[in-house]
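Residue-level listing of the chains:
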Amino acid sequence: MTIMNTPVTAELIVPITVENLPIVTGMVEQSARIFGLNNEGAQNLGLAAEELFSVLVSAAGPDEKIRIVVKQGGYYVEAACYFPPHAIPITALNITTELNPDNESDIENLGIILAAHVVDRLQLVREKQGETAIRFTIERQYPDQIIPFGIPPSGHYSVSEGGYEDIKQFAARVSTTYGTNSPDFFRFPGKVVDMVKCQEFGVLLALDGKGNVGGGMLWRWSGKMIDSLGPYIFTPQPGLAEEIVQGVLEKVSRKGAICIVNRMPVNDVPRTYFEDLIKSYPADEIRATTCHPPLYRQLEEDTGSVVYVHPDLEPFIKECYERLVLPRNIVVTTYAGEFIEPHAAFEVHVDKKQHLAIISTIVAGIDSGEVLTGYVASLYEEGITWLEFELDLGDETTPVLVPALRAAGFAPCYVLPWGGMGDVVVFEHQTPRGP
Amino acid sequence: MAGNLPLLNHIVPPYIQKIEAYIPSKPDDILQKMYNSPFLYRMNNNENVIGPPQKSINAIMNFDPERAAIYPNGDGYRLRHRLSEVFGLSSCSFIIGNGANEVITFVIKAFCQKGDNIITSDKTFKVYEWVADFSGFESRLVPLKENAFDDEGILARIDERTKVIFICNPNNPTGTYWNEAKLRKFMERVGGKQIVVVDEAYSEFVEQPDYPNGMNLIREYPNLVVFRTFSKMYGLAALRIGYLAGDRRVVDIIRRTCVVYSVNTLAQEAALGALGDDGTHIVRSRDLIRSSKKYLLEELDRMEFPYIAGEGNFVLIRLPISDTLAYRRLMQKGYMVRTMTGFRLPNHIRVTLHDIPVMEGFTTTLKSTIS
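If you read the protein sequences in the order shown, they are chains R and D.
The first sequence: position 276 = 276 (this note's numbering), numbered continuously.
The second sequence: position 189 = 189 (this note's numbering), numbered continuously.
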């Protein structure tokens, strides 16, 4: 097996002209094959790039170029397409919106919508100064390989990173012990090994030196935040959970992350290392029944920030900050007739196993309410029962979304400090339906 | 914008891409306002609450503002000569830096090249590791053993690419120290193959008779480099001035990487004043630290909070909650402490010792906010 310490990439820069279409498609397909995708996956990634390129051809100027970077991410292959920001209509990114065949712009955007459906993930990245990119990602296929393990023997377990076989055993034990209280990918031990190998994830295990794994944690770097899972504990050694958490915190400190969050806390999490983001008793009945608050902890001293808040949200935000003792300058924003983008676009992360979908903002627009309502309906139809919206308070363009969120049935649950550009308010949808 | 932003991923070295910039804290008045604190006691940076010695204060007060227009002496000529008198070493054995941070950089740049490594501890002053990382060198971190630098562990990690070993003595933040016998034994075992830096930033606070004065060992061990600072005991942190000392042949190499003129005239003169103190300042400071440490430890015992209290003007406290949450709660009440997650000691805070009335307020607040 090849050890992937650094990502391998292939890069192409060509003018956005129709004659370069086969070059783009061929380069992405070939690279994807070399980087480990099977034939179907490679063709789908090529198709996604082709569809995007076709849309760009109609909007790009004669001298404009596209830069395509195909990256081997270990457990996935990503094609990142960098292009001029004006070359793509924003409505093209609302991938769950139904198409109207009579609408000309819908037909033009069909390519992006098709592209979105053949890849596992699509992400638009817009930087204020710099490039705009769409990243298409397809994950490698792994065998569902759960070997049933019994309770590991008692003994002295100590914390270390472990080897690849230890990681596989860890993944299998998590999946069999915690079932639906753990993410779906633990069903694929080989995938978890590749997630760690490519250095996007970190792992810390409790090992007895005799080939047994007594517990562990997995975490992922996510901007300024670290998303963690566990500690998952398979043996009743006193203090083991604390030892694992302590070890993880030691590993991730001094690495630039501001905070660590555990969105699926299990009973084994030692609470003394974390903070609750909601009151220990519910503020109201609605929140009590629908909030899924994560456990949270800062890794650095909080020296304050500015947040932009819609007036309707101000009392809720103030209450959160007072309770969490967070120093924030709250700027209440009111609409004063300034230009707002006509069309909104949102990004959706779906976890089918958890029936969970998290929506966040790409662009706040005048049609936000309509688009959000469309998303909600579409996601429920796909079997989602737990629907969240993350509103970034560090982005001054997003407060205008609050009335649309309320109208679409979302209510604020908690503040996730430093969860985005700034703090994030997590809304949950209030009328869940059965799967 | 007239030009294009360069493709940063193409021009930035991979080891820089991996690093996040260190963001210093906001100014006190802004923090106090943000936290709505009634007052603010700085208990986070191990500054000397007594302030500078009187002769340093005189030097600062008598500084002619018109001299601000004139460049400082480029290598601290007078200060090096004064240090030479104090420690009995050649003036060429000293390099003055803009705080100890700068001399750390000088040493690493002088001895390390691509593929080399430095060794230090995992739970110590982070600048050794930080400078190595952003310079593209490996930093090998040996876990503390019983809260102290692990000599055997360090020796085991040395290889042919190890160039510099950093020992913080006493260690920040645990306050543990190597005595003279242990340091000598370690130097013998290293055998001159690596540069051993002993950072003595807190040495003036140590009262233990077996604590080694690194300056006295330089003649015996030419690979020994000693760091000292005027920021801690001498209360000149705002002026940023520190120095290193070593065998003049070693220091001659380090000097090649120095950014000269980095230490301003006011700092040099205040440091000269500090060296002219008759010892009163150190005695007063030690008295204060001794009494406030005794008070704090008794209170911590009463509260049943575990602690590590070694040498230095600080105490490390283990809390039953997240240290970053404790920081926010204490800030709101006017006490700024240092969280220790960044030192790989989660749920610990490091507290700089103040006089008793401040420590009384702090312990009362700690009790109420943590419980």
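Among the hints, erroneous ones may be present.
Among chain R residues calculated to face chain D with C-beta under 7 Å, some are [to be verified]:
(1) T235
(2) E275
(3) D276
(4) V325
Far from chain R, by Cβ distances over 12 Å, these chain D residues were calculated [said to hold, decoys possible]:
(5) K18
(6) E129
(7) P143
(8) E160
(9) V206
(10) S262
(11) A309
(12) E311
In silico lysine-lysine, DSSO-like type, Cα no more than 27 Å apart, as pairs [said to hold, decoys possible]:
(13) K55/D with K224/R
(14) K114/D with K251/R
(15) K26/D with K224/R
(16) K318/R with K197/R
(17) K224/R with K33/D
Just so you know, the hints here were simulated from the structure itself, not pulled from any lab data.
For glycine and all other residues, C-beta sits at the position ideal for the given N, C-alpha and C.
Hints and how they fare:
1. T235: T235/R check fails; min Cβ-Cβ to chain D is 23 Å, beyond 7 Å.
2. E275: holds (5 Å)
3. D276: violated (10 Å)
4. V325: holds (4 Å)
5. K18: Given that some Cβ of chain R is not farther than 12 Å from that of K18/D, nearest at about 8 Å, it is violated.
6. E129: Its Cβ does come within 12 Å of chain R, the nearest being 7 Å, so this is violated.
7. P143: violated (9 Å)
8. E160: Given that every Cβ of chain R is farther than 12 Å from that of E160/D, nearest at about 22 Å, it holds.
9. V206: holds (27 Å)
10. S262: Label holds. Min Cβ-Cβ 26 Å, cutoff 12 Å.
11. A309: holds (21 Å)
12. E311: holds (24 Å)
13. K55/D with K224/R: Violated. K55/D to K224/R sits at ~46 Å, over the 27 Å cutoff.
14. K114/D with K251/R: holds (25 Å)
15. K26/D with K224/R: Status holds; Cα separation ~19 Å.
16. K318/R with K197/R: violated (42 Å)
17. K224/R with K33/D: Distance ~25 Å between K224/R and K33/D Cα, so the pair holds.
The earlier numbered hints that this structure contradicts are 1, 3, 5, 6, 7, 13, 16.
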